[in-house]
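From first to last, the protein sequence lines are chains A and B.
Sequential numbering from 6 applies to the first sequence in the working numbering.
Sequential numbering from 96 applies to the second sequence in the working numbering.
Source of the hints: derived by calculation from the structure; they are not laboratory data.
Some hints here could point you the wrong way.
[Unchecked claim] Straight-line distance between alpha carbons at most 25 Å, and here's what the computed BS3-like set of lysine-lysine pairs gives:
| no. | chain 1 | residue 1 | chain 2 | residue 2 |
| --- | --- | --- | --- | --- |
| 1 | A | Lys-396 | B | Lys-266 |
| 2 | A | Lys-17 | A | Lys-46 |
| 3 | A | Lys-276 | A | Lys-97 |
| 4 | A | Lys-46 | A | Lys-133 |
| 5 | B | Lys-266 | A | Lys-444 |
| 6 | A | Lys-302 | A | Lys-348 |
| 7 | A | Lys-400 | B | Lys-323 |
| 8 | A | Lys-46 | A | Lys-12 |
| 9 | A | Lys-532 | A | Lys-276 |
| 10 | A | Lys-348 | B | Lys-266 |
| 11 | A | Lys-12 | A | Lys-97 |
| 12 | A | Lys-97 | A | Lys-46 |
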Amino acid sequence: MTEPLLKVRGLKIGATIYPPGEKPRDIEIVHGVDFELEAGKVLGLIGESGAGKSTIGLAAMAYGRGGVELTGGEVWVNGRDILKSGLRDVRKLRGAEVTYVSQSAAASFNPAKKILEQVIEAAIFQNKFSKKDAEARAIALFAKLGLPDPESIGNRYPHQVSGGQLQRCMTALALCPEPDLVVFDEPTTALDVTTQIDVLAAIKEAIRDTGVAALYITHDLAVVAQVSDHIMVLQQGAMVEYGAVDQIINNPQEAYTQALVSVRSIKHIEKDPTDTPVLRVENITARYRGTDFDVLKKINVELHPGQTLAIVGESGSGKSTLARVITGLLPPSDGQIVFDGRKLTPDLATRPLNDLRELQMIYQMADTAMNPRQTVGTIIGRPLEFYFGLKGKAKQRRIQELLDEIELGEGFQDRYPAELSGGQKQRVCIARALAANPKLIICDEVTSALDPLVADGILKLLLSLQKREDVAYLFITHDLATVKAIADSIAVMFQGEVVRYGPKSEVLAPPFDAYTDLLLSSVPEMKLGWLEEVIEHRRMESAGN
Amino acid sequence: MKNIPVAALIGLFFTAAYFLMALFAPLIAPYGMSEIVGDVWEPSSSQFLLGTDSIGRDLLTRLIYGGRTTIFIATAATILSFTLGSVLGFFAAVSGGWVDQTISRFVDLIMSIPSLIFALVVLSVMPTTTTILIILMGLLDSTRVYRLARAVAVDITVMDYVEAARLRGEKIGWIIFRETLPNALSPLVAEMGLRFIFAVLFISTLSFLGLGVQPPLADWGGIVKENKEGINYGIQAALYPAYAIATLCISINLVADWVLNRTTSLKGGRG
């Protein structure tokens with residue numbers, strides 16, 4: 006049997022943490038991981054944030070990011086242990102034998118240099134190609150990755166191409182020096198779902214054609230299933246399960262893997278609309294000050310009490326702007342908002358307190374939505390005090406009730422946000438919104454910053470709270486799986502317009518308009534060969550036209 | 096209060112020593128403030144630890160009383176500049192729009208005039224009393240504090256939690272004092288140490304030029320002025336207040352650095 010390209014044995018990775026008010030201490034974040042990867046194969050690393058996926062991926066380049074140290078074990082690349090070789094040898098390895106594609110291409114490219122210059126830099130630095138050959142190779146890669154104008158796109162600056170194109174440029178950058186192994190670190194996570202599918206297809210094709218091996222790191226099992234041969238499931242720095250894609254997806258052995266596979270299995274039966282909607286958005290047109298471009302064009306939607314209206318669309322479609330108009334942060338240039346039978350004034354400053362109380366908001370980033378210097382008790386207690394004048398014991402009791410409702414229990418009142426996990430933070434934000442006894446809560450991408458299992462918990466909580474408190478949700482999201490799970494009615498937005506609107510069962514049933522079809526078919530499904538099917542289907546359609 | 100770094104301990108020790116000295120000056124000083132007790136510029140002896148000054152007063156006594164005046168004026172001016180500067184700065188940042196523009200442009204106008212010249216002009220018209228000095232220095236310095244406070248607060252007011260407070264319907268007072276201030280504290284505390292030092296230097300400069308604290312009241316800048324002729328004869332009297340100013344500056348900054356470190360790491364809050 007030939008030696009595998011990458012062999013990892015008992016890899017241990019440690020870091021030093023600095024807890025407030027205590028002495029710094031060393032912790033272990035990866036506890037002895039073993040795996041191997043043969044030339045030309047793709048291994049998917051999957052797990053939630055903090056599972057150590059990226060750390061393990063970077064260890065394949067003998068690199069520890071931000072004070073992370075590789076404390077034990079062996080990493081063999083092409084028959085030598087790179088943890089034991091000196092910095093000089095490691096430098097020969099990086100950018101030549103092993104290359105890296107990061108999550109955010111926008112943050113990784115130097116904005117002051119042209120793309121082509123950066124793409125060929127490593128290949129020239131490592132003396133793999135002459136400048137001329139490297140450029141020719143880069144252009145060939147641009148073409149293979151489906152970038153428009155492969156001849157000239159390299160002469161643009163990073164800000165002159167779109168996010169999806171830049172991510173493909175980064176893949177070209179990684180493939181340019183003809184490496185043996187590429188580490189893909191969440192390459193499509195920051196992209197819209199319709200862009201993701203193209204990038205995914207391009208990456209997959211490039212991997213196949215160049216015969217390179219890859220470590221593909223992601224938290225999205227459906228994505229990794231499309232590109233990998235094997236999958237390794239990680240949890241808190243240890244391997245949970247390792248197997249071929251087919252086995253992991255269709256026959257997971259471990260409980261944790263089963264949970265990952267079956268996530269988003271919430272069933273929600275849509276409710277019928279009532280007579281009087283709690284929120285009516287009438288003919289809303291809005292633009293930002295100083296621009297002459299309408300971000301929202303004649304939006305008309307309705308939301309009924311105790312129900313959920315999902316606003317779906319890509320980034321830039323105007324979803325969040327609609328929320329800003331409803332909350333009064335951005336007065337519309339035309340149209341009106343009718344809330345609970347009365348017309349809302351366009352500007353926040355002129356709204357009566359009761360209107361403000363009945364319309365609450367939950368944000369995407371729970372980190373920045375809570376004042377880091379206030380305790381959970383203060384954060385939840387303030388609306389109680391502010392709207393209802395609760396004080397002392399009565400306030401304490403109500404705070405505890407709310408904490409129980411969000412399933413956090415005792416002992417959280419005196420904690421600061423920094424002492425909570427991501428899911429707990431979002432729960433506190435929900436409690437803060439609930440404290441006001443609202444009729445409507447606007448949820449702006451509330452689960453998109455969370456891991457799938459945690460997000461699932463939040464969605465279930467929101468649904469059960471809706472049942473108990475009869476509160477309506479305006480749910481803004483780009484994630485169609487979330488929409489299927491909780492919506493009663495759906496509005497699909499595209500470039501500032503509602504292109505499709507109605508009850509969930511109608512919106513998600515054919516016949517589709519072109520955009521909704523594109524959006525729906527782009528959501529990765531957890532089955533083998535899904536990517537090929539979709540690409541093939543689209544190719545045939547465009548050939549038919 | 097455990098784990099105080101050595102540098103901060105040294106800083107704390109000297110700062111505390113200077114402030115205690117200022118507070119208990121009449122108890123510590125061996126002679127009266129303007130009492131002539133010896134010959135002109137006597138060298139140090141067991142009777143006069145640092146010697147005597149240009150008209151035969153005990154120099155150590157003058158330094159202790161001078162420190163009292165200097166530290167008092169600098170402290171009062173710093174407190175005034177911080178209260179005024181940061182409240183105005185936060186108010187401008189939270190309000191935005193024309194309120195912000197009006198205050199900011201007015202502050203720019205004041206800042207465009209060199210502060211020493213501005214002070215000299217004002218003091219040549221106004222009577223030179225301690226109160227006037229404090230108010231003048233406080234107002235001039237508040238423009239610098241305003242700039243910093245506004246810059247820090249502008250970053251904070253775009254955070255989601257401030258938006259959440261606005262959506263809740265909170266008044267501007269809550270947004271300034273409960274949402275913004277706690278998160279802006281660290282840079283402000285660091286700046287406060289620095290500003291205090293500048294105030295010490297400023298009052299010393301004014302006194303040296305004869306427009307600050309008036310004799311027979313002592314202050315460090317004044318002592319330098321009174322004894323500067325002595326330097327020609329190799330007499331160190333003018334240098335002692337300079338040493339005092341230098342050590343006070345350094346020790347205050349050591350403390351400010353430590354406070355900054357502590358508050359930034361607190362519960363992972365922003366810096």
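Cross-check of the supplied hints:
Between the alpha carbons of Lys-396/A and Lys-266/B the distance comes to roughly 19 Å, so the proposed pair stays at or under 25 Å and holds. A C-alpha spacing of about 24 Å is found between Lys-17/A and Lys-46/A, which places the hinted pair at or below 25 Å, so the restraint holds. In summary, the hint linking Lys-276/A to Lys-97/A is not supported, as the alpha carbons are separated by about 62 Å, beyond the 25 Å threshold. Taken as a hint, the Lys-46/A and Lys-133/A pair is honoured in the structure, with Cα atoms around 23 Å apart against an allowance of 25 Å.
Distance check on the hinted pair: Lys-266/B and Lys-444/A sit about 23 Å apart at the alpha-carbon level, within 25 Å; holds. For the hint linking Lys-302/A to Lys-348/A, the alpha-carbon distance of about 20 Å falls within 25 Å, and the restraint holds. Among the hinted pairs, Lys-400/A with Lys-323/B is inconsistent with the structure: their alpha-carbon atoms are about 67 Å apart, more than 25 Å. Annotation: proposed proximity of Lys-46/A to Lys-12/A holds, straight-line Cα distance about 13 Å (limit 25 Å).
A hinted pair counts as satisfied when its Cα atoms are at most 25 Å apart, and Lys-532/A with Lys-276/A does not qualify at roughly 30 Å. For the given pair, Lys-348/A sits about 23 Å from Lys-266/B by alpha-carbon distance, which is consistent with the 25 Å threshold. For the hint linking Lys-12/A to Lys-97/A, the alpha-carbon distance of about 19 Å falls within 25 Å, and the restraint holds. Our distance criterion of 25 Å between C-alpha atoms is met by Lys-97/A and Lys-46/A, whose separation comes to about 23 Å.
When held up to the earlier numbered hints, the structure conflicts with 3, 7, 9 and fits the remainder.
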